[in-house]
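Knowing the structure of chain A, use the given hints to seat chains B, C, D, E and F on it.
There are 6 protein chains.
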Amino acid sequence: MSNNIVEEFNSYRAKMNDAIMEDNNKIIKRIFNLDTNAFTAGALDKKTKELLGLVASTVLRCDDCVKYHLEESHKAGLSKEEVIEALSIATLVGGTIVIPHLRRAYEYWDAVEQEAASGL
Amino acid sequence: MSNNIVEEFNSYRAKMNDAIMEDNNKIIKRIFNLDTNAFTAGALDKKTKELLGLVASTVLRCDDCVKYHLEESHKAGLSKEEVIEALSIATLVGGTIVIPHLRRAYEYWDAVEQEAASGL
Amino acid sequence: MSNNIVEEFNSYRAKMNDAIMEDNNKIIKRIFNLDTNAFTAGALDKKTKELLGLVASTVLRCDDCVKYHLEESHKAGLSKEEVIEALSIATLVGGTIVIPHLRRAYEYWDAVEQEAASGL
Amino acid sequence: MSNNIVEEFNSYRAKMNDAIMEDNNKIIKRIFNLDTNAFTAGALDKKTKELLGLVASTVLRCDDCVKYHLEESHKAGLSKEEVIEALSIATLVGGTIVIPHLRRAYEYWDAVEQEAASGL
Amino acid sequence: MSNNIVEEFNSYRAKMNDAIMEDNNKIIKRIFNLDTNAFTAGALDKKTKELLGLVASTVLRCDDCVKYHLEESHKAGLSKEEVIEALSIATLVGGTIVIPHLRRAYEYWDAVEQEAASGL
Amino acid sequence: MSNNIVEEFNSYRAKMNDAIMEDNNKIIKRIFNLDTNAFTAGALDKKTKELLGLVASTVLRCDDCVKYHLEESHKAGLSKEEVIEALSIATLVGGTIVIPHLRRAYEYWDAVEQEAASGL
Chain A
12 MSNNIVEEFN SYRAKMNDAI MEDNNKIIKR IFNLDTNAFT AGALDKKTKE LLGLVASTVL
72 RCDDCVKYHL EESHKAGLSK EEVIEALSIA TLVGGTIVIP HLRRAYEYWD AVEQEAASGL
Chain B
12 MSNNIVEEFN SYRAKMNDAI MEDNNKIIKR IFNLDTNAFT AGALDKKTKE LLGLVASTVL
72 RCDDCVKYHL EESHKAGLSK EEVIEALSIA TLVGGTIVIP HLRRAYEYWD AVEQEAASGL
Chain C
12 MSNNIVEEFN SYRAKMNDAI MEDNNKIIKR IFNLDTNAFT AGALDKKTKE LLGLVASTVL
72 RCDDCVKYHL EESHKAGLSK EEVIEALSIA TLVGGTIVIP HLRRAYEYWD AVEQEAASGL
Chain D
12 MSNNIVEEFN SYRAKMNDAI MEDNNKIIKR IFNLDTNAFT AGALDKKTKE LLGLVASTVL
72 RCDDCVKYHL EESHKAGLSK EEVIEALSIA TLVGGTIVIP HLRRAYEYWD AVEQEAASGL
Chain E
12 MSNNIVEEFN SYRAKMNDAI MEDNNKIIKR IFNLDTNAFT AGALDKKTKE LLGLVASTVL
72 RCDDCVKYHL EESHKAGLSK EEVIEALSIA TLVGGTIVIP HLRRAYEYWD AVEQEAASGL
Chain F
12 MSNNIVEEFN SYRAKMNDAI MEDNNKIIKR IFNLDTNAFT AGALDKKTKE LLGLVASTVL
72 RCDDCVKYHL EESHKAGLSK EEVIEALSIA TLVGGTIVIP HLRRAYEYWD AVEQEAASGL
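Protein sequences, first through last, are from chains A, B, C, D, E and F. Remember, the numbering used here sits 11 above the position in the first sequence when you count from 1. Remember, the numbering used here sits 11 above the position in the second sequence when you count from 1. Remember, the numbering used here sits 11 above the position in the third sequence when you count from 1. Remember, the numbering used here sits 11 above the position in the fourth sequence when you count from 1. Remember, the numbering used here sits 11 above the position in the fifth sequence when you count from 1. Remember, the numbering used here sits 11 above the position in the sixth sequence when you count from 1.
Errors might be hidden in some of the hints.
It does not matter which identical chain is meant; a pair holds if it fits inside one copy or across any two.
[What the hints assert, rightly or not] Straight-line Cα separation of at most 20 Å, DMTMM-like style, residue types lysine to aspartate or glutamate; simulated pairs: (1) Lys58 / Asp121; (2) Lys37 / Glu93; (3) Lys37 / Asp74; (4) Lys37 / Glu118; (5) Lys91 / Asp56; (6) Lys40 / Glu118; (7) Lys37 / Glu18; (8) Lys26 / Glu124; (9) Lys57 / Glu92; (10) Lys58 / Glu92; (11) Lys57 / Asp46.
If you are wondering where the hints come from, they were derived from the structure by calculation, not from laboratory data. Computed from a predicted structure; not experimentally measured.
In isolation and in its complexed conformation, chain A is listed as follows (with noise of 0.2 Å):
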């Protein structure tokens, strides 16, 4: 089932998450809650948001944040096709070296698009 890579990586964020909440660091606990905060709508929309997060982790590579990105900019009723014109202007300023990323959220969000298709 290819909607397993959305239910893997949801999982394991999940549990790591609450670890690392449950540790109580300050520091870390303001920096997630600031994380919450900067992607909620302001001068720009939720979509808009969203697919600046997604830039941002695709030419840092960062697969995680990709995969996150990627799930909330579905959430957010983002169609394929803009997605991939984000991920192109990613592609683009960041190189070839952003093309295995690539690879990996093509994959990814055919299973988000298929996990959203199966209802669950």
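Only chains B, C, D, E and F this time, still in chain A's reference frame:
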């Protein structure tokens, strides 16, 4: 004159882009060409694309790229508030090492606004 | 079988490259096309270009890009000694954070040599 | 068993380090040698140096380097609180793209502590 | 006067930090606030934290961040030998591309020492 | 005089390298020593190694390292066409954020050629 930093950047950029184009390396010319195409409106509008270019440039900490996209963002009609909100995401994702570039981005944005206001 | 890592990499790469090409984003397709052109012989020969691609990939710490260029270097007839000398420069320039990628590069090179020796 | 990730990392690391040493590239061998020397006590004590290695590895987002320095930090007698405080600085300086590495660092630290507690 | 580089850096930094604070973006202000909190003594003392900030800044090759942490390291009472030992680890981990930043760090440290000696 | 940028770079580099060598940190001195050794002819010739150093420096976006390797490439007898072809690979692999460094590389190469032509 604070808008000198705008003129200085643009004149050096134009001079060296000319030197690069004259040199006629096919790969480099095509990358320049792609750079123009990637930021024209498509599934995403021009404003969104400029913000994506700005955020990618900021997290990769490329001052000249930031300057270029700040000017293009201004031309595309983005407000300072929208631009700063994009930069706030870049600073959160890229960390406090982005802050020196944020300082220069604030300075450059003001210079761009002043130049526009002066009718040049 | 240590050459499984070669087959595994190539089969995932081929599958996802197909998915990307079918998706038909013009910017991404042109970048893929440039990638092919840039590594054909010109003022510099194929061997030199592959070493340049390998070193660029290594200092940017992109394992998949390293794998790709190791295989292309082998096909181009570069010896292990030449490849390792290139990797030694990458490790010096890029620092000890390159070492984990160096470990995986040594492993992959050996798998590539074994696959070639087995006549596959 | 969560300490499997400790054994798995160390056994691959040891095997490939051996392969690299046998290969006998002089530059690479000297870099490995420097790596040992740089972390011995000098003007700064061992604990401080391990934290410096840990933070450098974390902001450069090198999971294997983080694992190595977590284990060395534990051996040097650093507490979890000290290690996490160092990681909180790395996350602030390096940004939220460090967070996936932070998750894996928390997991690895716990595995290191468990392995030590089990008397292995 | 070699200490001009200290004054020049601090005056630009202060001016632009003021401009950023006045602009009142909530995310950016909180990041600035976290930056102050993260470097106060906790499980780790002030000196150790400044060295962590210095090494993180150096391997990420952020000259302005290096300058800031050099000055804070001096104020915290760290000796040149301790600071250089931290920078030697940064150069080893980050590679020879760190060397240009090392040159500027040596120059800046001397300017900081001279400024302090002159009783300013 | 456009060759002033060559003299300016070399004189600052020489002055600060002297200051670093006098300071006598053993790790740093050995890294400097390795840097000299790594670029002498071995399995790969001097020209190829300089191109590897140039491309590594360019994708890591280190202007001073690029300047140094441009000059060494010129001394080693590499032509502008060969150097630019190497830089085109760096721009493709590293992305459009490399372009500002490409501009400065073109400018510096011309200054190096002029200085050589003037018989200095």
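Hints and how they fare:
Taking identical chains as interchangeable, the C-alpha atoms of Lys58 and Asp121 lie at most 20 Å apart only when both belong to the same chain, with a minimum of 19 Å there against 27 Å between chains. For the identical chains of this complex, Lys37 and Glu93 are inter-copy neighbours only, at 13 Å across copies versus 37 Å inside a copy, given an alpha-carbon limit of 20 Å. Taking the shortest alpha-carbon separations for Lys37 and Asp74, neither the intra-copy value of 26 Å nor the inter-copy value of 23 Å comes in at or below 20 Å. In the homo-oligomer, the alpha carbons of Lys37 and Glu118 lie at most 20 Å apart only across protomers (19 Å), although the nearest pairing inside one protomer, at 36 Å, exceeds that limit.
For the homomeric pair Lys91 and Asp56, the shortest alpha-carbon distances inside one copy (18 Å) and between copies (15 Å) are both at most 20 Å. For the homomeric pair Lys40 and Glu118, the shortest alpha-carbon distance between copies (17 Å) is at most 20 Å, but the shortest distance inside one copy (31 Å) is not. Taking the shortest alpha-carbon separations for Lys37 and Glu18, neither the intra-copy value of 29 Å nor the inter-copy value of 31 Å comes in at or below 20 Å. Taking the closest pair of Cα atoms, Lys26 and Glu124 come within 20 Å of each other only across two copies (18 Å); inside a single copy the shortest separation is 23 Å, beyond that limit.
Taking identical chains as interchangeable, the C-alpha atoms of Lys57 and Glu92 lie at most 20 Å apart whether they share a chain (17 Å) or sit on different chains (15 Å). Taking the shortest alpha-carbon separations for Lys58 and Glu92, both the intra-copy value of 13 Å and the inter-copy value of 17 Å come in at or below 20 Å. In this assembly of identical chains, Lys57 and Asp46 lie within 20 Å of each other by CA distance solely inside one copy; the values are 13 Å within and 26 Å between copies.
Checked against the numbered hints above, the structure violates hints 3, 7; every other hint is satisfied.
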